[in-house]
Amino acid sequence: MPDIMSRPLIRERGVEGARQLEASVSDPSTPVVGILGTGDFSRSLARRLMASGYQVVVGSRTPKRFVALFPEEIEVTTQLEAVTQADLVFVAVYPEHHSTLVELKPALAGKILVDVSNSICISKGPSNAELLADYFPESSVVKGFNTISAWTLQMGPRDGGRQVFLCSNSQKAKNTVKSLCHRMGFIPVDMGLLSSSLEIENMPLYLFPSWRTPVLVTFSLFIFFYLYNFLRDVLQPLVTEKKSVFYKMPIEVVNVTLPSVALVMLSLVYLPGLFAAFLQLRSGTKYNRFPNWLDRWLTMRKQLGLCSFLCSVLHAVYSLCLPLRKSARFKLINMAYKQVKIGIEDSWVDEEVWRMELYLSVGIMALGLLSLLAVTSLPSVANTINWREFSFIQSSLGYCALFMATTHTLLYGWNRAFDPKQYRLYMPPTFVLVLIPPFVVLLGRLALCLPCVAERLRKIRRGWERSRNVCFTLPSEGYCNGLEDISNV
Amino acid sequence: MPDIMSRPLIRERGVEGARQLEASVSDPSTPVVGILGTGDFSRSLARRLMASGYQVVVGSRTPKRFVALFPEEIEVTTQLEAVTQADLVFVAVYPEHHSTLVELKPALAGKILVDVSNSICISKGPSNAELLADYFPESSVVKGFNTISAWTLQMGPRDGGRQVFLCSNSQKAKNTVKSLCHRMGFIPVDMGLLSSSLEIENMPLYLFPSWRTPVLVTFSLFIFFYLYNFLRDVLQPLVTEKKSVFYKMPIEVVNVTLPSVALVMLSLVYLPGLFAAFLQLRSGTKYNRFPNWLDRWLTMRKQLGLCSFLCSVLHAVYSLCLPLRKSARFKLINMAYKQVKIGIEDSWVDEEVWRMELYLSVGIMALGLLSLLAVTSLPSVANTINWREFSFIQSSLGYCALFMATTHTLLYGWNRAFDPKQYRLYMPPTFVLVLIPPFVVLLGRLALCLPCVAERLRKIRRGWERSRNVCFTLPSEGYCNGLEDISNV
Amino acid sequence: MPDIMSRPLIRERGVEGARQLEASVSDPSTPVVGILGTGDFSRSLARRLMASGYQVVVGSRTPKRFVALFPEEIEVTTQLEAVTQADLVFVAVYPEHHSTLVELKPALAGKILVDVSNSICISKGPSNAELLADYFPESSVVKGFNTISAWTLQMGPRDGGRQVFLCSNSQKAKNTVKSLCHRMGFIPVDMGLLSSSLEIENMPLYLFPSWRTPVLVTFSLFIFFYLYNFLRDVLQPLVTEKKSVFYKMPIEVVNVTLPSVALVMLSLVYLPGLFAAFLQLRSGTKYNRFPNWLDRWLTMRKQLGLCSFLCSVLHAVYSLCLPLRKSARFKLINMAYKQVKIGIEDSWVDEEVWRMELYLSVGIMALGLLSLLAVTSLPSVANTINWREFSFIQSSLGYCALFMATTHTLLYGWNRAFDPKQYRLYMPPTFVLVLIPPFVVLLGRLALCLPCVAERLRKIRRGWERSRNVCFTLPSEGYCNGLEDISNV
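Chains as they are written, first to last, in our numbering: chain A, 2 to 490; chain B, 2 to 490; chain C, 2 to 490.
Just chain A, same shape as in the assembly:
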């Protein structure tokens, strides 16, 4: 349901709007909120405050110029008039222009200033909020709302989890802003004192921080495997047989690279869980901190999985377009010509047929399972399933998908691993290389299924510690609601 504020109707309130305001104003308890600034953010903020039942007054250096941009119920006046009427003022001007507001210092004494500004780049120096607090020592400065865009204010917090990060040196000012958040439909998160404002100001400037390493890994693996396959499939025939097969570069070489990247990355999703389990088994407790690299690896499993899924889907599309190409058609017709010339009536080879039928069918099933995993990664779907269901999909179905993808690769390889001609320049076929990580993961997981090992691990995860007691039932604290932590295999 689009927020009604986005409809053109709202711009044509006219006289009726004034009557609406009267009804609100006549209620003296309606708090007055001031906004300094007249840009998009101010306009959206003013509308949202008005829809939440506040009386809004906007202050501008040239009020007459901007009156037309605001709805009729909102008073647009001089900056001094606005801050005099209001108890809480949003400072929605560029940080480089904060100094121009100095003349309002007397009028702002004892009032609450909300700094909504952002910087252009990640900063290490004093934050805009701290500088503003230096300008207005007699006002309580609260940092907040800088992570909310004008668009979100306009459409409303459709995702009710719209968190607003606040910090201030004054608890009272923070509480006032918190109740204002609640009325507008946002959820305030208290970040502490004004010293946290730098952290808050740097937040909207991050560009997918949790995706950088997974994307880097994907690209590195892609480049490595592309060069490997290029060496084996294009350069080597050129050097040894003088065959020029550069036409393979756009599609065929890419189509051997993508599944390699996908399978290796899928193994990288399940590997850290195994490391974590083995570390816990070796130290006999779950209370030791994991090494930093393992911690970071565990947090990026979802991104690794989604990159792997994207590569799998692209691999499927590239494979499906193989018969579409002119090169495939030329090859087919040439083979027909050859067969006619040789005089073979039936060129059917049972083994080749079975190999392809099997590995295609298993590959499609693996892709189907991976799609289920990808769909349950969507935020809205992940929020509708409980932890046991999530674990079933990501863990059980996930290992199923890894097993199927490995079988797909084994069937594709068939017996070529034992054919010496495949080892060009002493380089093994790509699929042999690529099968190593998933084999390690699947064997490790099998090891964890052995009864004694599984039982020991279960006890450790329920809080038992080898060093503290011989007796298995001695109590120890641990999280007790039975929901395993994210390092669960």
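No wet-lab data here; the hints were simulated from the structure. Just to be clear, a hint being listed does not mean it is correct.
Pairs count within a copy or across copies, as identical chains cannot be separated in the list.
Computed cross-link-like contacts, DSS-like style, restricted to lysine-lysine with a CA-CA straight-line distance of at most 27 Å [said to hold, decoys possible]:
(1) 327 to 244
(2) 332 to 243
(3) 342 to 332
(4) 125 to 460
(5) 339 to 422
(6) 244 to 422
(7) 327 to 249
Given the structure is predicted, the values throughout are model-derived calculations rather than measurements.
Given the structure of chain A, go ahead and fit chains B and C onto it with the hints provided.
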């Protein structure tokens, strides 16, 4: 996690349920809410109110008949008894039956009536709420909850942004209903006086208002390009060479039409942003309102993009099924026959092979990028990324996708634009027509990247105005949190 | 925007963190919350409470050991010290260790205990919360938060609809915990007295309860149709013609099975709505309860539809990879050989070409429509559309998709239903079997469109009852906001 109210367990509370009610009733501060009406909405509303801690009493003309439909804790009695007990009453009966409640006027005096009714079609006359207020002048009528379906009440506000639009002439009544909203987990939006009730009643009757123009544009472009291709590829061979190729109509003609529509619509997504930028550069300020048509075009960019994505995906599926068809197989076998008869051993044409390998590969990459754009348009995903990340994907990756799609079309065309035989009936090949909008967009975007132009535009967007000052650093108000407005290129 | 608590910065607060705490502590109104237990859940809960403005003190048997695991602002001390300071205590230890807390009974008298424990398996006996209440008769035990995972606490209620199910015998304790929920950004749902705690404890242990029957139906239909097709396409040629075509099992037999399952299941989505409509027409009222089996069938329509969609997509992928297989290539080359030997220059058969072009095109369009239905089933997308729009997509577009899928199957069958050779072992071709359910559904829907029938049904759904009155306009209660219930056809 499905709301427990949907489980069968809830229907079998029995004696224990009564004990639960006692515990609530013995707390005299539990407000009593009445509901007039016994349909699905009443049942779901009653359950949700009960789960939020209210005492509920339902009024019906024939209470004995409907007692079985409600849980045991909810009292089902006569209408008069219900409104006497309650302080706030939901009027959940059909609007055409509001008049039958007139006999309850004395009992409802001074109480709050919430009108949850909807109309059948978009109305211009007095709203149901206003008519109800005429029937009960001594009660405070609040319009609300009509946009919430029985299903949502039952499942709970899974998306916390479940907004409930309220309006009333009485601020006190509105506040009471607002706190009731909060307790049930909804977010109330104040729409003003009862005169807004018509707007609220028309809300759930809109049928994708923001999608109408984009879908219309898509269908118009589809019909235009289908006729154009039909003329060129089916009618013209019939007229000039007497070749009947009507079999091309279901798939081949469609498969040239869909990518044309997709590419033109993708250009239409980025064109308004360029117009907006040029308008701002020409007027030297960002404070002038855009023309209405440009405003509307800017708001429908997401819908245009998603229609374009749907056409691209269908184009991909149609292309992938080309080798599946009997016509393709017959053609292949006939070509093999011809080649055998002529005696050509190798019919390989390097240029044709390279052309197809390249444009297929580039096309798949463009589709991959477009999928990323489509996924980040999903509400739940869009809510997890900040504005800088959103702008990176929709703007940077978006232009990348447009560039790749244009390259895909250029490679597909290859050198056929210079082949006079392609200009049948003086009509240029479709791909030549289709390349015009993206070229305009890409060249315009390149122009905006020139250092002087980019610098001027950046200053304008930070609030600088050419008319007001020669000096580049003079302060002016503007939105300051650094998040660009939605007209950002 | 990832919650800042997930950033490594948070772990390095140091001295500044202490200053933050001072600012909070100096405000005496900050409530003190205690947590017994030091596992992942305790840590995440402590962080979230701190971010919401509470003062947190954690109690452990070996405080020195766990101090390093918590941020500096949180005091980690002995269990006795923690419960003495706090007014509300979260009992985050394993249920089997609740008995060890008995020594704290005096210190916990009169305080609120929140039991967040979960069980390992669905239980019928007394719940953990009831057992805890037996240990601490002088404290108020509230069951809650057991459905919230440590991960959700850490990332924040991104989906604002994060419901927390509470129950307790003490209304006052429940209210305190409810306001704590609100401050942390969750939505409390009151489940009544402590006797509901068993229900709450069993909640996170359900494994997709609403998906079991649909998935069972899908697998059963798949096995049935696979055996049927295996008998007809593999065994029968082996028996009658001694042709071994087992290579068809992985892909070709699967590719006739999947669309059969998909089409039958799509019919099963729309069938219950027709039954419901006919039942209402027959009894002349909408107030009679549906039979249990029909009620259950109506609630699983979405899951049936999504299973059907998954089968359709897999069918599409299997079909698109048919020309990729070696068997297809061998067959093609053998046919070319045959054609050369016989000497046919053009093997074009118009009817076969048209049949394939048509049914492929219609099939792709059906798949496109089904994708739209699937996308609007995503929770976040479903929440942005109102009921009229949802009904348009799921009902109107849905029947369109069913019609197209049926046409696709009819075109695929063409005239083979009338060819006696297709009836092997007296078994009709699969597509004939599969066309029965959709025909029933489409004819039933057509019957409901007849003017007299449609008018009668509309009246019944607006509340008219045949038994109660002859007059068509007599009032009766019914839900009145015009949003049809979920049994709407």
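Results of checking the hints against the structure:
In this assembly of identical chains, residue 327 and residue 244 lie within 27 Å of each other by CA distance both inside one copy and across copies; the values are 19 Å within and 24 Å between. For the homomeric pair residue 332 and residue 243, the shortest alpha-carbon distance inside one copy (19 Å) is at most 27 Å, but the shortest distance between copies (32 Å) is not. With identical chains, the CA atoms of residue 342 and residue 332 are at most 27 Å apart both within one copy (15 Å) and between copies (17 Å). When the C-alpha separation of residue 125 and residue 460 is checked against a cutoff of 27 Å, the pair qualifies only between copies, where the shortest distance is 24 Å, while the shortest distance within a copy is 46 Å.
Proximity of residue 339 to residue 422 under the C-alpha cut-off of 27 Å is restricted to the intra-copy arrangement: shortest distance 24 Å within a copy versus 34 Å between copies. Only within a single protomer do residue 244 and residue 422 lie at most 27 Å apart by alpha-carbon distance; the minimum there is 17 Å, versus 35 Å between protomers. For the identical chains of this complex, residue 327 and residue 249 are neighbours both inside a copy (12 Å) and across copies (19 Å), given an alpha-carbon limit of 27 Å.
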